[in-house]
Amino acid sequence: MNDRNRNRTVPSRNNLSDREMLYDLFVGEKYLSLLYDQAIMTSTNDRVRDTIEALQQSGHQLSEKITAVLQQHSWHPNQISRQQFSQQAKNPESLSTSRETVGSRCLASSRVKHSSDNTTNRRSSSQFRRNQVKSELSNLNLE
Amino acid sequence: MLYDNLSERERICLEDLWQMESLNIVKCDAYAEKCGDPKIKSTLVDVARAKRHHASRIRELLG
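From first to last, the protein sequence lines stand for chains A and B. The opening position of the first sequence corresponds to residue 1 in the working numbering, with each subsequent residue numbered one higher. The opening position of the second sequence corresponds to residue 1001 in the working numbering, with each subsequent residue numbered one higher.
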C-alpha cells in the first residue's frame, strides 16, 4: 500500500444497528459450523481432524455467547412473535438487511457446493465464496 | 506443525475455513468499534480474540 492510499480515509458504509451486527455474526457462525463439519468429514488425518473438532467446539461456545446476548435483548429469531412473523411474511421488504448478509448468501453458495461433486466444481464454488468474502470486506471498507 | 500430506480437498476445506474465520475477525473488530452497548462490545472483542486463535491454528495446519 503506498502512502497516498494509506493516508486516505474512506467513510464507513456500516450503518447496521447493534441487533443487525449481532445477527450477522450469528448467521456467520452457523455457516462456519457447516464448513467445520465439511472439513471434519473430509479429513483423513486424525490429528488434523481432532484440531478441527476442537475449533468447532470452541466456535459453538462463541455462538452460545452471541445467542445469549441476542436473547437478553429479545433479538433472537426464535423470539420473534407470531404477529411480527406474519407481518414480515406479508411485507418481505420489511425484513432486516442483516438477512442479506454473508451468512445467507454463503449458505446459498454452500448448496451450490454440495450439488457439485468433482474437484473443478469444488474449486469454482470455493472461488465463488472467496469473491463473496472480498465483496463483504469491501462493503465494510476494510480491505 | 506442518501437514504436507494434506489432500487437495482437505486443503480447500481448510482454506475456506481460514477465509471465513478471517472475515469474521474483521467483522467483529469493525462491529466492536461501531457498537454502542459496552456489554455487546466486550462480547465482540472476546469473540474476535477467540477467532484470531482459530485462524492461527488453521494457518498452522495449512503450513
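Heads up, a few of these hints could be off.
Cβ-to-Cβ under 7 Å is the rule here; a few derived chain A residues that face chain B [claimed, not checked]:
#1 Gly28
#2 Val69
#3 Arg130
#4 Val133
Worth flagging that the hints you see were computed from the coordinates, not collected in a lab. Here the structure is a predicted model, which is why all the values come from computation and not from measurement. Backbone N, C-alpha and C define an ideal beta-carbon position, used for all residues, glycine too.
Problem set entry | Numbers of the earlier hints that this structure fails to satisfy, in rising order | Nothing - there is no hint that the structure violates, so all of them hold.
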